[in-house]
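If you want the numbering used here, it's the position in the sequence shown, counting the first as 1, plus 918.
In case anyone wonders, no lab produced these hints; they're calculated from the structure.
Wrong hints could be hidden among the right ones.
[Unchecked claim] Derived EDC-like pairs (lysine to aspartate or glutamate); straight-line CA-CA distance at most 16 Å:
| # | residue 1 | residue 2 |
| --- | --- | --- |
| 1 | K1078 | D1064 |
| 2 | K1078 | E1065 |
| 3 | K1078 | D1034 |
[What the hints assert, rightly or not] Between beta-carbon pairs, the in silico distance windows are:
| # | residue 1 | residue 2 | range |
| --- | --- | --- | --- |
| 4 | R977 | S1062 | 53 to 63 Å |
| 5 | E970 | R1009 | 17 to 27 Å |
| 6 | D931 | L963 | 55 to 65 Å |
| 7 | L1092 | G962 | 48 to 58 Å |
| 8 | S1083 | D1040 | 42 to 52 Å |
| 9 | D1002 | R1089 | 27 to 37 Å |
| 10 | R1003 | S1090 | 25 to 35 Å |
| 11 | H1006 | R947 | 24 to 34 Å |
| 12 | L1085 | R1009 | 10 to 20 Å |
| 13 | Q969 | D934 | 51 to 61 Å |
| 14 | I1001 | T932 | 48 to 58 Å |
| 15 | T1094 | R1031 | 12 to 22 Å |
| 16 | H983 | H1006 | 24 to 34 Å |
| 17 | E1028 | I1001 | 46 to 56 Å |
Beta carbons are placed, not taken as given, at the ideal position from N, Cα and C, and that holds for glycine.
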Amino acid sequence: MSALSNSAAAFDDTLDGRVLADIYRMHGRSVHMYLRTLTNGDAGLAEDLLQETFLRAWRTPRLAHRPEAARPWLVTVARNLVIDRVRHRNRRPQEAGDAALAHLPTTRCEISRVVDSITLADAMAKLTPNRREVVVHMYLHGRSPDEVSAVLGIPVGTVKSRVHSALRSLRSHLATSDLCLAA
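Please build the complete structure, drawing on both the sequences and the hints.
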């Protein structure tokens, strides 16, 4: 079967364009007003739902037998589309915009953050220059051990060893403070 005959077969179960235009002429305005009522005056949504209603009418060839009596069917379809839309919206959680982020409470005040940064700076100052340099490159600049190795001109194993011992040293210095790095 050719693609042309396949597409022709697909349209056998649809209304003729003239019949659909007649149904729209007879009932389109009233269905649209009904949808405007159901959508609380949202013209765009009402038009989208009207289009979907008439798309479903186009796929229902039995409406061609009595186009003047199609209004109850169209109103039922339109009402069901509105109900489906409401159900779908209620199924998803309400999305919050970025404006709500400004009203979220902070877990720590700015003074605590300043104290934390001073405490961390003191702990970093206690590291040897080689270890501090590797930590700065990896955690401040976000470089991988291979990249730090290339920048500093030292073997990757040395980078990993220095980072490991530097982090161990930082942990021991910071264990006595009540520093909160997660905040």
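Query raised in the report: Failing hints, ascending?
Result: Those not satisfied are hints 3, 6, 8, 9, 10, 12, 13, 14.
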